[in-house]
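J.: Chains as they are written, first to last, in my numbering: chain A, 2 to 341; chain B, 7 to 670; chain C, 5 to 148; chain D, 96 to 426.
For the record, the hints were derived by calculation from the structure and aren't laboratory data.
Using N, Cα and C, we set each Cβ at its ideal position, and we do this for glycine too.
Mixed in with the good hints there might be a few duds.
[Stated by the list, open to error] The calculated DSSO-like cross-link candidates involving lysine-lysine, where the alpha carbons are at most 27 angstroms apart (straight line), are: (1) D:K384 x A:K290; (2) C:K147 x B:K534; (3) B:K263 x B:K301; (4) C:K120 x A:K255; (5) B:K670 x C:K147; (6) D:K144 x A:K290; (7) D:K197 x B:K624.
[Unchecked claim] Looking from chain B toward chain D, a few residues come up when the C-beta cut is under 7 angstroms (computed): (8) Y48; (9) A224; (10) G228; (11) M593; (12) N595; (13) S599; (14) R602; (15) K624; (16) R627; (17) P647; (18) M662.
[To be verified] If you want the footprint, here are the derived chain C segments under chain B, 3+ residues with CB under 8 angstroms: (19) 38-47; (20) 50-59; (21) 63-69; (22) 80-91; (23) 98-112.
Here are the chains, one letter per residue:
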Amino acid sequence: MRKCSLEKINLVFAEIAKAYTLYLPTDQNDSSAKFTKWEEGSVWSNALNTVRSPKDFFFPQAEDLMEFKVEGKNIDITDIRQESEDFVIFGVRACDVKSFEILDRVFLVDPVDSFYASRREHGIIVSLACTKPSETCFCTTFGIDCTEPAGDVSIWKTETELYWQANTEKGEKLLSYVDSLTEDANTKAVDEQKEKTSVVMKKLPLANLTTDGFGAGKTMELFNNEAWDELSQTCLGCGTCTFVCPTCQCYDIKDFDTGNGVIRYRCWDSCMYSEFTKMAHGNNRLTQKERFRQRFMHKLVYYPENNDGLYSCVGCGRCLAKCPISMNIAKVMKKIGGEK
Amino acid sequence: MQRIGVFVCWCGSNIAGTVDVKAVAEALKSEPGVVYSTDYQYMCSQAGQDLIVQAVKDNNLTGLVICSCSPRMHEATFRKTAATAGLNPYMVEIANIREQCSWVHKEMPIGTEKAIILGKAAVAKVNLNTPLTPGESPVTKRALVIGGGIAGIQTALDIADAGFPVDIVETKPTIGGKMAQLDKTFPTLDCAACILTPKMVDVAQHEKIRIFSYSEVAEVKGFVGNFDVTIKKKARFVDETKCTGCGDCVDKCPMKKNPNEFNMGMDNRPAIYIPFAQAVPKVATIDAGACTMLKKGKCGLCSKVCGAGAIDYTQKDEFISEKYGAIVVATGFNVISMDKFDEYAYNQSKDVITSLEFERLTNAAGPTAGKLLRPSDGKHPHKIVFVQCVGSRCENCAEKGKEYCSKICCMYTAKHAMLTRDKYPDTDVTVFYIDVRTPGKNFDEFYRRAVEEFGVKYVKGMVGKIVPEGEVLKVQASDLINNKQMHIDADLVVLAAAIEPDKSARPLATMLTASMDTNDFFTEAHPKLRPVESPTAGVFLSGACQGPKDIPETVSQAGAAASKVIGLLCKDKLLGNPCIAGSNELMCNGCSSCERVCPYGAITYLDKEFRMPDRTTKIRRVASVNPAVCQGCGACTVACPSGAMDLRGFANDQIMAEVDAICK
Amino acid sequence: MQVKEYKPLIVAFCCNWCSYAGADLAGNNRLNYPADVKIIRVPCSCRVNPMFILRAFQRGADGVILCGCHPGDCHYTSGNYYTRRRMAMLFSMLDYLGIERERTRVEWVSAAEGAKFAATMNEFVEAVSALGENKRLEDLRCKR
Amino acid sequence: MQKITREQLLDRAVALLSDGTVNSVLGWQKGEFDYDVTPHIFKSADELKEGFVWNDFCYANFSKYLVLKTDRIEGKLLVFLKPCDTYSFNQLLTEHRFDREKVYAIGVGCEGMVDVNKLKAAVDGISSIEATEEGLKVTTIYDDEPTVVAIENVLLERCVNCKSKKHVAYDELMGEEGEIIDSARFDEVAALEAMTADERFAFWQNELSKCIRCNACRDACPACTCENCVFNNPNSGVETKAPVTSFEEQMFHIIRAYHVAGRCTDCGECSRVCPQNIPLHLLNRKFIKDINECYGDYQAGEEVGMRAPLVDYTLEDLEPGEVLNRRGEDA
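With the rest of the complex left out, here is chain A (with noise of 0.2 angstroms):
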């Protein structure tokens, strides 16, 4: 384990831009985070967690994924996807690392999301430990352990110093480049600090979520559960809560006429949708109860059934704070579900 005074911040962030494109959590004028590329001047902030998740990073909102030309009758496709080139991801909290090993498992199977893969590779994660969860939080109902980030490198900042631990290759390879501005140092400032957290941990008032009653096979018994009308009575049909969510990856792939070519490109989509996967015989899922209830029941049923049980949520509590009408996801899993 390494360290650095926390006075130091801004050399090390220097040091680190000098290879690679650094982002991370700032401030904006409206007292929310948001990740930004650093430069000279750029403020790290002290926000628990950004607005928008760092899924962004890896499947942006919107990417080209070709081009195309039709004349007469013929087709000319160019492949307009540019080369990744490696970046830092700089803050990113437990539970929004947990959800890239959810999205991998979407997008790294068979068939490889190129796209996707590309930035993965060229991501270099540096995760920070929390100090101060939010009431919103609920990671641990899903095995997470703030305390203990993974990553390519993890972090834990307290009042004055910034205590570094390299995971992996690629995170030994950017702890090499702030050597000088780091020094060797033991785990005991961090395990006390771990010690404090939990106490706080255990506080929260979604600490006794627990995903009971949810997960593979769980199908048939929660598909006609009857509260899943009272629950979607109220939902809006927007899309808030899965565009903040760092877990939900689906898109939609549309084409958009130039007037000098096609673009093809890909957007996020939202199962809330009443568009979602519209098809030429309409549209599967007719009612927001029946989009609504797709929705958890995919996050909570069958990506575990097949991800070997992994959950598809990881507590950030994102779409707790987020959503207009304030029905979440742990709303849904205690009334569906139960409490410890």
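Assemble chains B, C and D onto chain A, guided by the hints.
T.: Okay, now just chains B, C and D, sitting in the frame of chain A:
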């Protein structure tokens, strides 16, 4: 996918001089959907059209783009050509490469480049064209004329003479209107009654005309060719079919002191009355507000004296529904109220009267049996002052008068002045005016005669104040030409009060969805080219309801309106414009935005049952466009937020395709 | 560096009854105006949806002008009155968003005003040229 | 702190349910925390007693639900309407979007609602909130001393600039009737208008670039009740699912604001629900301000049946150029 043929016209050197037509034809060949492209010297010539027809046959074309002159020039021509070739005429688009290209640009490369772009836009549009067919609707061969004045009478007679049944709805107990109240008419000075009453009799006797007197239009539904109208026949407590108009009841009625409307309230009539001797229908009417039998159940004298047994105190308002193909509005005018013109002392002195009251004072059938006597004391007036433009041309006084010129006052004042001087040469007559407006056949001659032969004093200037003092009216006025103040002690003052549309016109316009101007005159479909039609199809305008008019003008407009009605009723079916709006019911919110902007009232709402996504059914309110009424302006398409409303022939996707093609 | 002469792209929506005829008259009288102006015929100025205008800017137009009958002369009696309100509000919003107000315009041109049509177009093209390319309402995808 | 108590509303709702006046109640349901209140249709008195809340976090505007819900339920629906909600209620009636007969509306006096974002910015890790006369007494999960936050510091923007405490529609009113307020709600718009075009452009680029097209603004908006929104309709030519370019961000927000212009009651839901905190109300208010200045004061929803300014005209309306230049050539 369309199979489009492109035809580039040279128009001799008109186009070819500035546009490389061959290059245009060549460039458009590779546009999507284009399978054939050629150029020719004169596309509109028979040979050119034959070339198009042949190309359609040879290449199985489904759409045509003609790059030529303005569509305003030859769109109709090429639509016919398309029809000849077996295509729907609306599968044609014109790229205007003459008026909007070759004629306004000088250099060949620039003109050619623009012509190609305009051609591409037309191709892009045709790709989205769909065959359009005009809608058909039947025509009810009956007309309704609202108002029984000279305008309504003339229109009804003309329509009826052409063989179509006509109903006249008149709110008063008799037809005849304002003209029946007049004494003589300018500029010929023939007696109004002498020329009007025969026409009234013609109406009464015409087998194709029905008169609904003492009646009002209660409701109008439907559209051109197919109006459903409900007429309210007010209870007159006299059975029209039995009453012979003998007048016995009128003589016997004890309630004699009711202001006589026909004589402008200058004398009285009984509670049961016939407005005037030549009334049509000549049937008595009981004034329910004045009759003690109806109010208190006491009297019943009229019933006793009526030999025909026509009196029916139990009569109720009756509602009659009828279908009409066309409606003519002839609601006429009224004199404005003088209540707000305190300066003229109208309400203070009986001897300040309006011109219409003057008409009755000089009419042989009027309250004074035609002798010009002062209303106050019955004496002969020796000094009369006429004031013109009372409430007319009144700038910035909307609450009092009218901004417009009432048009008829100059002439009738000249008439009054002249007749007074003619009959009573001892009377001094002064007319105060702003301008004397006498455009019209023999009008100026008439006015000059009043001045030159009859010695009427015309003073340019306005009357500032009239103060009744004892027996005289002190008139203060200014003489603008001699720049001096004038004081006249007049015996009688006649105000040429402005005229305004009848008050019934505004609610009627709402029922008809016919538009009105801010003065409540009906708006014509086009001020120059369609002056007797309302913008609402099937509604026509006759007489002063459209604007101030004298009798000859009214009669000509009445005839014109009649000829338009006859033209409409002659048709068995109406063919609509196929480029009209249509609502996609699945997307329509029923919010009424489109209805509110439709200038024609073409949009109505239906409650329709829809199958919802969750397999339930739901009743939803959706817009429905009446193809016979819609004129295709497209105002509704933009008012519609969901895009449910679209315009055929100028659809959203077509216009956007044109935009895209131009901006490529 | 030699810069290629900038030619703006102007889309003109003209109502069929007055302004389109006015444009035709400009042609009949051989009154020149720049070829940068491309006319789209609509039945009435009230047919022009704000989406068409934004679409034109998206696709590369540098200026959009709407021409209709003079107020009071609308073939459909009231269409241009709605146009007047709609465009006043839309253009004011575009201005509020920082888009140059010279890029949009409404002009009433009657069928008799061929000269006015040509003059308006000359003036509008000049005003838009002075602004240069539309950058604030552009869609980069359409400029590749 | 609200003057009307939860119990007052609850009693009334239970009474109306039990006497059969209404069949169900659209009200606010208690959440996981003291601030995450969810709109809910209560079907029974027991359900109400257990879950119904009325507090400083009942910000949701229920009017829009009437479009979606009234034809799905038997009998009448009881709905609670705050003053600002009643304007949306009337506007929807004007547009024939729901059946008035299916609704029993109770007007509820409102003292302003709390912006949770502002509250969270003031206090981290909220574990409970108690409304007191002094303000909101907030305790945290970190066992800190409770903080008292003055309500006026954490009100929603729309409540800071509240336009009316008067209910323009109801069957029954609970609490005292308020007045229409001469608010300063156009000040921010005026400040933007006073900037240069470049500054305005920069401002809006910054704001609109945050948009993630989650459609929350549209889907929460009581004026956006289209059966099929143009932005969802692949045939409309403007359908998109993501703001792929800055143009599409602009397009969506301009057209959305334009489509609700003259119909927007300024209820503020768009800005409240935006997860990216884009001040969307500044777009709608610009239209309202322009309409007021150019065509006379107009408050959408003030009365049922009013003719919206953009489906109306007068012969003397200003020309578009005059509207643009009425404050000078270019601000």
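J.: Please go over all the hints and tell whether each is borne out by the structure.
T.: Status of the hints after comparison with the structure:
1. D:K384 x A:K290: violated (39 angstroms)
2. C:K147 x B:K534: Violated. K147 of chain C to K534 of chain B sits at ~48 angstroms, over the 27 angstroms cutoff.
3. B:K263 x B:K301: Given pair K263 of chain B, K301 of chain B holds - Cα atoms ~16 angstroms apart, limit 27 angstroms.
4. C:K120 x A:K255: Violated. K120 of chain C to K255 of chain A sits at ~45 angstroms, over the 27 angstroms cutoff.
5. B:K670 x C:K147: Answer holds: K670 of chain B to K147 of chain C is near 9 angstroms, not above 27 angstroms.
6. D:K144 x A:K290: Holds, because 25 angstroms separates the two Cα atoms, which is no more than 27 angstroms.
7. D:K197 x B:K624: holds (14 angstroms)
8. Y48: violated (37 angstroms)
9. A224: Check failed: Cβ of A224 of chain B comes no nearer than 22 angstroms to chain D, outside 7 angstroms.
10. G228: violated (22 angstroms)
11. M593: Nearest chain D Cβ about 4 angstroms off; hint holds.
12. N595: holds (6 angstroms)
13. S599: The hint holds - S599 of chain B has a Cβ within 7 angstroms of chain D, the shortest such distance being about 5 angstroms.
14. R602: OK, holds: R602 of chain B within 7 angstroms of chain D, min 4 angstroms.
15. K624: Since the shortest Cβ distance to chain D is 6 angstroms, the answer is holds.
16. R627: At about 5 angstroms, which falls below the 7 angstroms cut-off, the nearest Cβ of chain D leaves the hint on R627 of chain B intact, so it holds.
17. P647: holds (4 angstroms)
18. M662: Holds - the Cβ of M662 of chain B comes within 7 angstroms of chain D, reaching about 5 angstroms at its closest.
19. 38-47: holds (count 7)
20. 50-59: holds (count 8)
21. 63-69: holds (count 3)
22. 80-91: Coverage by chain B holds for the segment 80-91 of chain C (6 residues, Cβ < 8 angstroms).
23. 98-112: It is violated: at least three residues are needed, and the segment 98-112 of chain C offers just 0 whose Cβ sits closer than 8 angstroms to chain B.
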